[in-house]
Amino acid sequence: MKRVRALLLLALLVCPLLLASCHGSRGLPEFALPAELDASKTCEITFWAKNDTNKTQTAIYSKAVEDFEALYPNIRVNIRFYTDYGRIYNDVITNISTGTTPNVCVTYPDHIATYLTGQNIVVPLDGLMADPRYGFGGSELKFDGPEAEEMIPQFLGECAIGGIHYALPFMRSTEACYVNKTMLESLGYELPEVLTWDFVWEVSDKAAEKDENGVYAANGQKTMIPFIYKSTDNMMIQMLKQKGAGYSTPEGEILLFSDTTKDILRDVAEHTGTGAFSTFKISSYPGNFLNAGQCLFAVDSTAGATWMGSHAPHSDISPDKFVEFECAVLPIPQFDPSDPKMISQGPSVCVFNKRDPGEVLASWLFAQYLLTNEVQIAYAGTEGYVPVTEKAQKSDEYRRYLASAGGEDEESYEVKIRATELLLDNVGNTFVTPVFNGSASLRDAAGQLIENTAKSVRRKETVDDAYFEALFDDVNSLYRLDQHTGASAAGREDLGPLPAASAALLGTIAAVWIGMGAYLLAGRIRKKKEGKS
Amino acid sequence: MKKIVAIMLALTFVLAFAACNKNEADKPDVKGEGVMTHAEYIAAPLDSQVTVETYVQAKQSWWEDKATVYSQDKDGAYFLYNMACSEADYAKLTPGTKIKVTGYKSEWSGEVEIIDATFEIEEGNYVAPATDVTALLGSETLIDHQNEFVTFKGMTVEASTAPDGSEVAFLYNWDGSGEDGSDLYFNVSKDGKTYNFTVESYLCDSSTAVYAAVKNLKVGDVIDMEGFLYWYEGVNPHITSVAAAK
Chain C
-16 MKRVRALLLL ALLVCPLLLA SCHGSRGLPE FALPAELDAS KTCEITFWAK NDTNKTQTAI
44 YSKAVEDFEA LYPNIRVNIR FYTDYGRIYN DVITNISTGT TPNVCVTYPD HIATYLTGQN
104 IVVPLDGLMA DPRYGFGGSE LKFDGPEAEE MIPQFLGECA IGGIHYALPF MRSTEACYVN
164 KTMLESLGYE LPEVLTWDFV WEVSDKAAEK DENGVYAANG QKTMIPFIYK STDNMMIQML
224 KQKGAGYSTP EGEILLFSDT TKDILRDVAE HTGTGAFSTF KISSYPGNFL NAGQCLFAVD
284 STAGATWMGS HAPHSDISPD KFVEFECAVL PIPQFDPSDP KMISQGPSVC VFNKRDPGEV
344 LASWLFAQYL LTNEVQIAYA GTEGYVPVTE KAQKSDEYRR YLASAGGEDE ESYEVKIRAT
404 ELLLDNVGNT FVTPVFNGSA SLRDAAGQLI ENTAKSVRRK ETVDDAYFEA LFDDVNSLYR
464 LDQHTGASAA GREDLGPLPA ASAALLGTIA AVWIGMGAYL LAGRIRKKKE GKS
Chain F
5 MKKIVAIMLA LTFVLAFAAC NKNEADKPDV KGEGVMTHAE YIAAPLDSQV TVETYVQAKQ
65 SWWEDKATVY SQDKDGAYFL YNMACSEADY AKLTPGTKIK VTGYKSEWSG EVEIIDATFE
125 IEEGNYVAPA TDVTALLGSE TLIDHQNEFV TFKGMTVEAS TAPDGSEVAF LYNWDGSGED
185 GSDLYFNVSK DGKTYNFTVE SYLCDSSTAV YAAVKNLKVG DVIDMEGFLY WYEGVNPHIT
245 SVAAAK
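For the protein sequence lines, the chains are C and F, in the order given.
For the first sequence, the working numbering begins at -16 and goes up steadily by one.
For the second sequence, the working numbering begins at 5 and goes up steadily by one.
Among these hints, one or two may not hold up.
No more than 30 Å apart at the CA atoms, straight line, and that leaves these computed lysine-lysine pairs for BS3-like [claimed, not checked]:
1) C:38 / F:104
2) F:78 / F:102
3) F:109 / F:78
4) C:125 / C:337
5) C:443 / F:104
6) C:38 / F:222
7) F:109 / C:443
8) F:35 / C:304
9) C:264 / F:194
10) C:38 / F:102
11) F:109 / C:193
12) F:35 / C:443
13) C:443 / F:70
14) C:205 / F:222
15) F:78 / F:250
16) C:438 / F:70
17) F:250 / C:46
18) C:438 / F:102
19) C:213 / F:109
20) C:205 / F:197
21) C:438 / F:109
22) F:96 / C:264
23) C:245 / F:70
24) C:46 / F:219
25) C:304 / F:194
Partial pick of chain C residues on the chain F-facing surface, computed with a CB cut under 10 Å [as the list claims (entries may be wrong)]:
26) 23
27) 35
28) 64
29) 268
Output of the computed footprint for chain C on chain F, the stretches with three or more beta carbons under 8 Å from beta carbons of chain C [what the hints assert, rightly or not]:
30) 31 to 41
31) 112 to 120
32) 179 to 185
33) 236 to 244
Simulated from the structure, these hints should not be mistaken for lab results.
This structure is a prediction, so every number in the text was calculated from the model and none was measured.
Glycine included, C-beta positions come from ideal geometry on N, C-alpha and C.
Put together the whole structure using the sequences plus the hints.
Here it is as structure tokens:
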């Protein structure tokens, strides 16, 4: 009997632990806004910033920190520079598991969707934004930030997941097609106002013609890639959108693997075969080829505009390789020029939750400080970025900046300002893709379809319907798209039936509790009987 | 007398062993069935499938089951970019390890490399000596040594311009936008011509001796360097060691 008692005692001790472990690791408590910012308490926060390997951008971040610390002497901001969104994402994931996330971080909504799978990791910002003291235009702010109605609604809306804002937009860009207009006209074509895919493919095929010595007629050189696309995930996403075809639903249902996608890949295959098309991953940066007169249509971000053109302020190629040409900046090619569609992209900032609500409030204030005109206008001027507030866009300072296009200095570099204007003129034509846990992988998969198709053609593999079917299977498997449940990141995922081992464990626990109950009951009955007797 | 005999015997063994090693290093690579020589690899067209036997010289990075490796046989070098590789196998790729690699010959910004590759470890070991290419800098034949382990001797550190306009011996990132841990860029000259060299932070991170050595350089220092003859829009050596010129 002693043995049975010992087992029951053990069960009593172990059950709470088992139940606790079934519940999973405890996350942070939900953030609650403190009554006020405690100015007597020193607070240290960390900001992970992304720049485009651009010293002016890092200097602007550093100045923003310095100016913010002058306003809030009790808040110290430690800045860490990144040049790659992917690295930030990976480091955040690693630091979530160790509870050492930064306080504020430049990010993409796709990435936030993954962060949200942890409990209370990212702070929902709706309450903070609306707070009359510390929210937009709040009475207690020590800086002149934007009012709520001064945020560009479309850009702010892009930071909502499941109806809740988990980030603030910081900068916005889109993609542009940088065209060597001089070369295009030398081939006998006239540049249209809006490029169509048919036009770009046709001219690119023409520019890919070379003589028996391998010299291209278009440039008199032995190197020529008429059409280079930097981000093939964007290429596929935008082509599908322009065609009105599916990519994914807001709920996370994947629609990428369709007949329309196959049609797009057939075009990619055909024009890779003629030597008209390549990608950044296969060949290199579009700007390097464009500036050397070895590319006709270079599609890259408007935030890469300072690397484009005969007089680009930034370049990886040696000065002797540059050729003189007129660089036109147009929207990406369209299927329907009357209804243009282009992606909206660019950095956002999210705030990570901490045990100390005062630290979160300090983080929020810093994130909001990045929306002041001082930061917005300065940073937007470093590349073809657009400020995310009307307050900045409508300011005299910003208007003067746009009007300076074509000046001598780097700030008024014409290609950059034309790229900025492209987005300003097309905000209503931009779109974003649905965000859910797994949407970052789906984006990668979309680009991989184009990369693989182009590589296969270059390797003289057969690219036909059977190829596309196999490609769909491979990419689906590579990115584990079939393992995503498609649940919205803000919602709860259906975890499916309980695993057999877990069911057995719970069954055992239940049996032990029943056994304990029976034992105690039997003891009482026995005592009662003994008492009666 | 016994002592003399013992010393003579020991010396004989040492010399014989050294000679064997020398012979091993001097022996031409005998390639296995279906394996290209380096000359055949160079002659192969871009985007064609290639199979080579080569020896790991240095590892640059591993991420998500992909490894980037500098490798070389006795005739030339092969840069292996994002080769399929488990973390366990990556640990086995020590300098000298012989591997058989199958992938596709590719070119990215002038860097000829093998991509989408798989590999298997084979018996054999070879660590390439550094070839002095100082005299080839600026010449058209330098590219014949692309990706090889090379040395540059007696080069002078030239000034780079920092973001604040000051003259410095090195920059974090190409334009000074980085911080400790970023790639280091520095200028060195020889015979009146200046070249830009790099300490690639994935290959040699901030904890390495070469990273510290470059951070301690002064404009005007005359130095010897070793590294891999990487290419990016022209020669862009990835330096692995720096010392005062001998």
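Outcome of the hint check:
For the proposed pair residue 38 of chain C and residue 104 of chain F, the alpha carbon gap of about 42 Å is over 30 Å, so the pair is violated. For a cut-off of 30 Å, the pair hint linking residue 78 of chain F to residue 102 of chain F stands: about 12 Å separates their Cα positions. Of the supplied pair hints, the one linking residue 109 of chain F and residue 78 of chain F holds, its CA atoms being roughly 19 Å apart against a limit of 30 Å. Distance check on the hinted pair: residue 125 of chain C and residue 337 of chain C sit about 23 Å apart at the alpha-carbon level, within 30 Å; holds.
With a CA separation close to 24 Å, the supplied pair residue 443 of chain C and residue 104 of chain F stays within the 30 Å bound. With a CA separation close to 22 Å, the supplied pair residue 38 of chain C and residue 222 of chain F stays within the 30 Å bound. Among the hinted pairs, residue 109 of chain F with residue 443 of chain C is consistent with the structure: their alpha-carbon atoms are about 13 Å apart, no more than 30 Å. With a CA separation close to 40 Å, the supplied pair residue 35 of chain F and residue 304 of chain C exceeds the 30 Å bound.
At roughly 34 Å between alpha-carbon atoms, residue 264 of chain C and residue 194 of chain F are farther apart than 30 Å, so this suggested pair is violated. Between residue 38 of chain C and residue 102 of chain F the alpha-carbon distance is near 42 Å, which puts this suggested pair outside the 30 Å criterion. Taking the CA atoms of residue 109 of chain F and residue 193 of chain C, the gap is about 23 Å. The hint holds against a cut of 30 Å. For the hint pairing residue 35 of chain F with residue 443 of chain C, the CA-to-CA distance comes to about 27 Å; that is within 30 Å, so the pair holds.
Between residue 443 of chain C and residue 70 of chain F, the direct Cα distance comes to roughly 25 Å. Compliance with the 30 Å bound is thereby established for this hinted pair. Of the pairs offered as hints, the one joining residue 205 of chain C and residue 222 of chain F is violated, with about 42 Å between alpha carbons and a cut-off of 30 Å exceeded. This hinted pair checks out: residue 78 of chain F and residue 250 of chain F have alpha carbons roughly 27 Å apart, not beyond 30 Å. Of the supplied pair hints, the one linking residue 438 of chain C and residue 70 of chain F holds, its CA atoms being roughly 18 Å apart against a limit of 30 Å.
Between residue 250 of chain F and residue 46 of chain C the CA atoms are separated by roughly 44 Å; this puts the pair beyond 30 Å, and the hint is violated. Using a Cα cut-off of 30 Å, the hinted pair residue 438 of chain C and residue 102 of chain F holds, with the two alpha carbons roughly 28 Å apart. Taking the CA atoms of residue 213 of chain C and residue 109 of chain F, the gap is near 21 Å; set against the 30 Å cutoff, the hint holds. A C-alpha spacing of about 27 Å is found between residue 205 of chain C and residue 197 of chain F, which places the hinted pair at or below 30 Å, so the restraint holds.
The straight-line distance between the Cα atoms of residue 438 of chain C and residue 109 of chain F is roughly 11 Å, inside the 30 Å bound, and the hint therefore holds. For the hint linking residue 96 of chain F to residue 264 of chain C, the alpha-carbon distance of about 28 Å falls within 30 Å, and the restraint holds. At most 30 Å may separate the alpha-carbon atoms for a hinted pair to count; residue 245 of chain C and residue 70 of chain F meet this at roughly 28 Å. Taking the CA atoms of residue 46 of chain C and residue 219 of chain F, the gap is about 25 Å. The hint holds against a cut of 30 Å.
Proximity of residue 304 of chain C to residue 194 of chain F is assessed by CA-CA distance (about 23 Å); at most 30 Å being required, the pair is judged to hold. Given hint, residue 23 of chain C at the interface with chain F, is violated; its Cβ is 32 Å from that chain's nearest Cβ, farther than 10 Å. The interface hint given for residue 35 of chain C holds, since its Cβ lies 9 Å from the closest Cβ of chain F, which is under the 10 Å cut-off. About 6 Å separates the beta-carbon of residue 64 of chain C from the nearest beta-carbon of chain F, less than 10 Å, and the hint is met.
Given hint, residue 268 of chain C at the interface with chain F, holds; its Cβ is 7 Å from that chain's nearest Cβ, closer than 10 Å. Counting residues of the region 31 to 41 of chain F whose CB falls under 8 Å from any CB of chain C gives 0; the rule of at least 3 is not met. Only residues whose C-beta sits within less than 8 Å of a C-beta in chain C count toward coverage, and the region 112 to 120 of chain F has 3 of them, enough to reach three; the restraint holds. Coverage of the region 179 to 185 of chain F by chain C holds. Counting CB-CB distances below 8 Å, 5 residues qualify, and the rule asks for three or more.
With 3 residues bearing a CB less than 8 Å from a CB of chain C, the region 236 to 244 of chain F meets the requirement of three and the coverage assertion stands.
Of the numbered hints given earlier, the model fails hints 1, 8, 9, 10, 14, 17, 26 and 30; all others are met.
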